[in-house]
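Asker: What follows is each chain in one-letter form.
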Amino acid sequence: MIFAVRTTTGQEKNVAESLASRAEKENLEVFSILATEDLKGYILIEAANKGALDELVRKSFKVKGIVPGETSVNELDHLLTPTKIIEHIDKG
Amino acid sequence: MNACLRCKYITKEDTCPICGFDTSDNVRGLLIVLDPHNSEVAKKAGIDIKGKYALSVK
Ligand SMILES: [Zn+2]
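Each protein sequence line maps, in turn, to chains C and L.
For the first sequence, the positions run 50 to 141 when my numbering is used.
For the second sequence, the positions run 328 to 385 when my numbering is used.
Be aware that a few hints might be false.
Unchecked claim - Listed next, the in silico EDC-like pairs over lysine to aspartate or glutamate satisfying Cα-Cα at most 16 Å (straight line): (1) C:K74 x L:D349; (2) L:K377 x C:D87; (3) L:K379 x L:D352; (4) L:K379 x L:D362; (5) C:K74 x C:E104; (6) L:K385 x L:D341; (7) C:K99 x C:E119; (8) C:K108 x C:E75; (9) L:K385 x L:D375; (10) L:K339 x L:D352; (11) L:K379 x C:E73; (12) L:K371 x C:D103; (13) L:K385 x L:D349; (14) L:K385 x L:D362; (15) L:K370 x C:D103; (16) C:K113 x C:D103; (17) C:K99 x C:E78; (18) L:K370 x L:D352; (19) C:K62 x C:D87; (20) C:K108 x C:E73; (21) L:K371 x C:E124; (22) L:K377 x C:E78; (23) C:K111 x C:E78; (24) L:K379 x L:E340; (25) L:K339 x L:D349; (26) L:K379 x C:E119; (27) C:K62 x C:E86; (28) L:K377 x C:E66; (29) L:K370 x C:E124.
FYI, nobody ran anything at the bench for these hints, they're computed from the structure.
Let's have the full structure, built from the sequences with the hints guiding it.
Answerer: As structure tokens, this is what we get:
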């Protein structure tokens, strides 16, 4: 399951790193964390379930909220295969 | 911060410690893979080794 959480713009990567180390330390079922310049003020967290996500962000003051609902991996196509975007830009 | 031009693994080195390819500091995005076996995102991105990756490297 992939969830989006809100954070401070410009801090996306730092927050992703700090959440990743917490997930490791506390042995949470968090599979991946994604931050990108193209998604300002948000990071994406892939976890086994909502409980693992709640546990991860519970004590973090850097996370301002969880976006309701979940994202599917198909919606991330454009982020995970960015060569397509670059090809478009190069043509224009 | 550099990332490998082939596998996008993030490293400080000029050569990728995973695949030996050259790295570049023209990097966008950050994908932290904690559990490559269970991660759909890692599968989609073709990543099977735990670690930090860029989304794009030029
Ligand atoms: Zn590499």
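Asker: Determine for every hint whether it applies to the structure shown.
Answerer: Quick rundown of the hints versus the structure:
Among the hinted pairs, K74 of chain C with D349 of chain L is inconsistent with the structure: their alpha-carbon atoms are about 32 Å apart, more than 16 Å. The hinted pair formed by K377 of chain L and D87 of chain C fails the criterion: a straight-line CA distance of about 23 Å is larger than 16 Å. For a cut-off of 16 Å, the pair hint linking K379 of chain L to D352 of chain L stands: about 14 Å separates their Cα positions. Our distance criterion of 16 Å between C-alpha atoms is met by K379 of chain L and D362 of chain L, whose separation comes to about 11 Å.
Restraint check for K74 of chain C and E104 of chain C: satisfied, since their Cα atoms lie roughly 12 Å apart, inside the 16 Å limit. Of the supplied pair hints, the one linking K385 of chain L and D341 of chain L holds, its CA atoms being roughly 14 Å apart against a limit of 16 Å. As the CA atoms of K99 of chain C and E119 of chain C are separated by approximately 9 Å, the hinted pair is consistent with the 16 Å bound. Annotation: proposed proximity of K108 of chain C to E75 of chain C holds, straight-line Cα distance about 12 Å (limit 16 Å).
Using a Cα cut-off of 16 Å, the hinted pair K385 of chain L and D375 of chain L is violated, with the two alpha carbons roughly 22 Å apart. About 9 Å separates the Cα atoms of K339 of chain L and D352 of chain L, which keeps this hinted pair within 16 Å; it holds. As the CA atoms of K379 of chain L and E73 of chain C are separated by approximately 13 Å, the hinted pair is consistent with the 16 Å bound. Between K371 of chain L and D103 of chain C, the direct Cα distance comes to roughly 25 Å. Violation of the 16 Å bound is thereby established for this hinted pair.
At roughly 11 Å between alpha-carbon atoms, K385 of chain L and D349 of chain L fall within 16 Å of each other, so this suggested pair holds. About 26 Å separates the Cα atoms of K385 of chain L and D362 of chain L, which puts this hinted pair outside 16 Å; it is violated. Using a Cα cut-off of 16 Å, the hinted pair K370 of chain L and D103 of chain C is violated, with the two alpha carbons roughly 24 Å apart. Using a Cα cut-off of 16 Å, the hinted pair K113 of chain C and D103 of chain C holds, with the two alpha carbons roughly 12 Å apart.
Under the criterion of a C-alpha separation no larger than 16 Å, the hint pairing K99 of chain C with E78 of chain C is consistent with the structure, at around 10 Å. Proximity of K370 of chain L to D352 of chain L is assessed by CA-CA distance (about 25 Å); at most 16 Å being required, the pair is judged violated. A hinted pair counts as satisfied when its Cα atoms are at most 16 Å apart, and K62 of chain C with D87 of chain C qualifies at roughly 12 Å. Only pairs whose Cα atoms come within 16 Å are accepted, and K108 of chain C paired with E73 of chain C is accepted, the gap being roughly 15 Å.
With a C-alpha separation of about 11 Å, the suggested pair K371 of chain L and E124 of chain C falls inside the 16 Å cut-off, and the hint holds. Distance hint between K377 of chain L and E78 of chain C is fulfilled; the C-alpha atoms sit about 14 Å from each other, no more than 16 Å. Under the criterion of a C-alpha separation no larger than 16 Å, the hint pairing K111 of chain C with E78 of chain C is inconsistent with the structure, at around 20 Å. Between K379 of chain L and E340 of chain L the alpha-carbon distance is near 14 Å, which keeps this suggested pair within the 16 Å criterion.
About 11 Å separates the Cα atoms of K339 of chain L and D349 of chain L, which keeps this hinted pair within 16 Å; it holds. Proximity of K379 of chain L to E119 of chain C is assessed by CA-CA distance (about 23 Å); at most 16 Å being required, the pair is judged violated. At most 16 Å may separate the alpha-carbon atoms for a hinted pair to count; K62 of chain C and E86 of chain C meet this at roughly 9 Å. Under the criterion of a C-alpha separation no larger than 16 Å, the hint pairing K377 of chain L with E66 of chain C is consistent with the structure, at around 14 Å.
Distance check on the hinted pair: K370 of chain L and E124 of chain C sit about 14 Å apart at the alpha-carbon level, within 16 Å; holds.
Comparing the model with each earlier hint shows violations of hints 1, 2, 9, 12, 14, 15, 18, 23, 26; every other hint is respected.
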